Structures are given as structure tokens and as C-alpha cells.
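Chemist: The listed protein sequences correspond, in order, to chains A and B. According to my numbering, the residues represented by the first sequence are 30 to 342, in order. According to my numbering, the residues represented by the second sequence are 213 to 431, in order.
None of these hints come from the bench; they were simulated from the model. Among the hints, a few may not be true.
In silico negatives: residues of chain B with every beta carbon more than 12 angstroms from chain A [to be verified]:
| id | residue |
| --- | --- |
| 1 | A253 |
| 2 | E288 |
| 3 | K354 |
Derived contacts from chain B toward chain A, CB cut-off under 8 angstroms, selection only [said to hold, decoys possible]:
| id | residue |
| --- | --- |
| 4 | I307 |
| 5 | P327 |
| 6 | V331 |
| 7 | P348 |
| 8 | T404 |
All figures in this text were calculated on a predicted structure; none of them were measured in a lab. By construction, the Cβ of each residue, glycine as well, lies at the ideal position given by its N, Cα and C atoms.
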Amino acid sequence: MIGLPFIYAIAGATFAAYALINLFDRTNRKRVGSAAFWGLIALSFIAGNRLGDFGNGLLVIALATIAGLGGIGRSGGATTTPEERRSEAVRRGNRLFLPALIIPGAALIGTLAFRHFPTLVDPKQVTLASLTLGVLIALVAMFLWLRPTPLAPYREGRRLMDSIGWAALLPQMLASLGAVFALAGVGKVVGGIAAQAIPSGSLIGAALAYGLGMVLFTMIMGNAFAAFPVMIAAIGVPLLIQGHHGDPAIVAAVGMLTGFCGTMMTPMAANFNLVPAALLDLRDRYGVIRAQAPTALLLLMVNIGLLYYLGFR
Amino acid sequence: MLVLSGIAIIALGFMLRFNPLLVVLASALVTGLAAGLDPHAIIAAFGKAFNDNRYVTVIYIVLPVIGLLERHGLQERARTVIAGLRGATVGRLLIVYLLFRQVTAALGLTSIAGPAQTVRPLIAPMADAVADLDDPEDERIKAMAAATDNVGLLFGEDIFIAVSSILLMKGILEGFGIDLQPFALSVWAIPTAIAAFLIHSARLLLLDRRLRRERDRPV
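Construct all of the structure, not just a fragment, from the sequences and the given hints.
Modeler: Right under this line is the structure:
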């Protein structure tokens with residue numbers, strides 16, 4: 030059955046390739062640090078379940094230390110020149126799009142079809158499994174058609190991976206921080222403070238505190254999923270749902286979407302903001318945030334309005 | 213109160229421009245210590261959560277495919293195709309993409325597009341080619357392409373009933389004795405989704421107008 034072990038084995042092998050190519054690349058001045066960083070991620074994917082909780086903790090400390098000391102470098106990245114690319118684009122024509130469409134196509138078909146084959150693909154991992162299979166099919170197709178050297182895809186992938194750097198790991202780190210926050214009871218403390226700060230009986234005050242609290246906490250934690258449990262326990266349930274008889278579905282759904290407005294305005298949401306900026310070679314790391322902040326702010330007002338006018342009829 | 217020091221560390225560490233991975237780790241340690249946990253337990257808790265959340269980082273397996281296609285001229289081809297379309301503008305192109313992203317995300321197809329899968333290889337070069345800016349250093353168009361992808365995903369996916377955020381909300385509300393069907397939650401994502409489409413589309417059309425004005429301005 031295709032499930033997480035298979036997916037993680039592919040991911041581990043891919044990161045191991047990024048690590049090894051860096052290790053032997055003399056154009057990367059920090060090749061040992063780069064190799065160690067991507068290599069530890071490969072180790073986590075391949076053997077994470079055998080390292081034990083404390084072992085995994087040490088692995089994280091090592092990763093953060095390498096990144097914190099500036100140990101990750103970038104390669105000179107030998108690739109084709111713009112002229113070579115232009116002439117090949119003319120020669121190959123629109124067929125170049127086909128391999129690029131294999132991954133979305135596989136994700137589409139897999140997500141729809143694999144649910145009916147629970148023995149073949151783990152039903153809980155349909156999306157990731159389809160994505161992984163799409164990558165494998167696309168690689169096979171490209172080897173048959175473009176005939177690259179065996180390492181070429183991984184050299185090019187490593188070029189992109191190096192440009193993303195440590196930001197690739199931030200979402201996973203923040204998810205883990207959320208677990209420690211939950212263990213320490215951060216949510217309850219925030220709730221206690223919020224309850225004192227809101228004037229008692231004020232619906233608009235409670236709705237504003239809930240919405241803005243979602244945005245603020247999302248911006249700090251980089252993820253609305255981390256903010257939601259805190260804010261729903263602090264304000265959503267006790268004040269909006271129980272106190273003002275709000276519709277729980279609207280309070281929850283619109284609250285989460287208000288948090289998403291925060292996602293668009295924080296560098297902590299690295300996968301949405303820093304990673305695309307790196308992938309597009311933007312000199313301004315916050316370029317994507319700047320581009321979407323006006324949409325986020327307008328939508329934030331719409332959401333609080335929706336909550337206030339629809340949630341309490 | 214003391215357990216909130218971890219939040220302060222995140223804010224402070226970010227302002228002082230320390231590496232965010234280190235900041236997150238420091239925040240976890242301080243928060244755990246403030247809650248009376250011993251360092252060994254904190255490291256183990258963080259390590260366990262890190263291991264449980266590995267799926268977040270799987271997406272980078274697509275990079276070899278995208279990188280190799282770029283090597284063979286994918287971005288250049290995307291530029292050529294879109295430059296041949298009559299009437300194409302940055303705004304119109306990105307509005308079509310926004311609608312595509314919202315609709316497919318609402319059907320649960322969140323990973324058929326994304327910054328690595330579609331924006332870098334296809335959408336950004338296309339938008340850049342249509343804009344045809346004089347200044348090659350101008351990053352506005354590329355940034356807007358990535359922003360449009362984010363808006364489409366974030367304000368489309370919650371309409372799908374089996375997306376993780378809907379399941380999270382359902383699970384947490386159950387903990388308070390409130391039983392809701394996923395459908396009841398996903399229906400209320402629709403008004404925001406429509407608002408997101410209207411707001412962002414309007415901004416894209418304004419961007420078109422600004423670009424047109426810049427082009428018409430005599431140099």
C-alpha cells in the first residue's frame with residue numbers, strides 16, 4: 030500500500046540527493062553546511078520513526094544551529110544559459126508543457142480516484158500519494174524524452190532548493206512550536222487576558238477582539254491553525270457562542286478565514302510568503318506580502334463585518 | 213503569565229533579525245521552562261511534533277521536475293505562448309488564474325497548483341511577458357502572481373468539506389460539546405470566497421490600468 034512510509038522514502042532520497050550534490054560542489058563555499066542541513070532532513074524522512082522523540086529533538090537543534098550560524102550556502106548553479114533555453118523552447122514547442130502538467134494531472138486524478146482503492150493507497154494520504162506518484166511519472170517521462178544525465182534533475186532541483194534555503198523548514202518548525210505551546214497551556218493564559226480586556230456585554234468588542242486576535246496570533250505563529258484553538262477557547266465559545274448566542278458554524282468558519290488574512294501578512298507563514306519570493310528570485314523578501322497586504326486588509330474588514338451581521342441573527 | 217514569554221521571543225527575535233529557526237527553538241525552550249517542564253521533556257516534545265509534521269516538507273520533491281523543465285526552456289515557452297494571445301493583460305490573466313485556483317481548491321484539489329508547481333514555471337513568466345515592462349528589475353508582476361496564488365488557495369480551500377482546517381474546527385468545537393457537520397462550516401466559507409475574488413480582481417484591474425498609464429507616459 031502506498032502511504033506515508035513510501036512518500037517519506039521518496040522525500041528522503043530527494044533530500045539526500047540535494048545533500049550529496051552540495052557536498053561535492055566546489056562552487057558552494059559552504060558546501061559542508063549545506064550538505065549537513067539537507068542531509069539531516071533526509072535522515073528525518075528516512076529514519077525519523079527510529080530516532081525516538083529526544084533524538085528527533087536533537088536533530089532539530091542541529092538543523093536550527095546550522096541555519097542560525099549561516100551555514101547554508103548557495104551553489105554557482107551550472108545550468109543552461111538564457112539563449113540555450115530560448116532556442117530549445119522554440120525547438121520543443123508546446124510539448125514542453127506536457128511534463129509540467131503531469132504533476133497537477135496526477136494530483137487531480139489521484140485525489141478523485143484513489144479514494145475508491147483503499148487497499149492500494151492509504152485513504153488518509155491520497156493527496157500526498159498522488160503528488161508523489163505524479164513526480165515519479167513526470168521524472169520517468171522526462172528521462173525518456175529529454176534524455177538528461179541521471180543527476181541533471183537533482184542538480185536543477187538542488188539549485189531551486191538552495192535558493193529557498195532554511196525557509197523551507199520554518200512551517201514544520203512552527204507546527205512543532207504549536208505543540209509545545211499547547212503543552213504549556215499558552216491558549217488558556219491568552220484567553221484569560223482577552224476575557225479581562227473586553228468590556229463585558231459588548232458584542233462588537235468581542236467580535237473585534239476575536240477577529241483581530243485571530244489575525245495577530247496567526248501572524249506570530251505563522252499559521253491560522255495554531256491561532257484558532259487559542260482564540261475559539263478564549264473568546265469564540267465563551268463570549269460569542271455562549272454569551273451572545275452566535276451561530277457556531279459562522280463564528281468558527283469566518284474566524285478561521287479571518288486568520289487567513291493574517292497568513293498573508295506575516296513572514297512567519299514562510300510557505301506562503303518567503304518561499305514564493307525565493308522561488309521567484311525576488312530581491313525583496315517581503316515582495317509577496319506587500320503585493321497581497323491590501324487584499325488581506327480589505328478582506329479582514331469584510332470578514333469582521335460578515336461575522337457581526339450574519340453570526341448573531 | 214510567564215508562558216507568554218515565548219510569544220515575546222518570537223516577536224523580538226524577528227525584529228532583531230535572528231534566524232527564525234533558532235528563534236522558534238528558543239521560544240519553545242523558554243515557553244516549556246516557564247510552564248515548569250524540564251529541558252529533556254521539552255526537546256522530546258518538540259522532536260515528536262517535528263517528526264509528526266514531516267508531511268509539511270514533502271512538497272520539495274517537485275523541484276527536480278520543475279528545475280529540469282526550466283533547464284529545457286519551459287519558462288521561455290510560457291512567455292512565447294502568452295505573448296501570442298491577443299487582448300491578454302496581466303490583470304485578465306491573473307483573474308482567470310485566481311478563479312481556477314479558487315474553484316479547484318474548493319473541490320479539494322489544493323496541490324494541483326502552487327508556487328513551485330505553477331507560479332514559478334508558468335504563471336509568473338506569463339504575467340511578466342504580458343506586462344512587457346521596460347525595467348527588468350521591476351518585481352511587481354512576479355510578486356502579484358505569487359500573491360494571486362495565495363489568495364486563490366486560502367479563500368477557496370475552506371469550501372471543500374474534507375480540508376484540514378474544516379476538520380480542525382469540527383474537532384475543536386466537539387471538545388466544547390458543539391457538534392457540527394463539516395458542510396455547515398464549509399458553506400460559510402463561500403461569502404468570504406466571493407469577497408476575496410471581487411476584491412483581488414478589482415486590484416488586478418487597477419494594476420492593469422496603472423501599467424497602461426505608465427506605458428502611455430511619454431519618456
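Chemist: Hint by hint, note whether the structure agrees.
Modeler: A quick look at each hint next to the structure:
1. A253: 9 angstroms, violated
2. E288: 4 angstroms, violated
3. K354: 5 angstroms, violated
4. I307: 13 angstroms, violated
5. P327: Because about 4 angstroms separates P327/B from the closest Cβ in chain A, which is inside the 8 angstroms limit, the hint holds.
6. V331: 6 angstroms, holds
7. P348: At about 12 angstroms, which exceeds the 8 angstroms cut-off, the nearest Cβ of chain A leaves the hint on P348/B violated.
8. T404: Holds, because the Cβ-Cβ distance from T404/B to chain A comes to roughly 5 angstroms (cut-off 8 angstroms).
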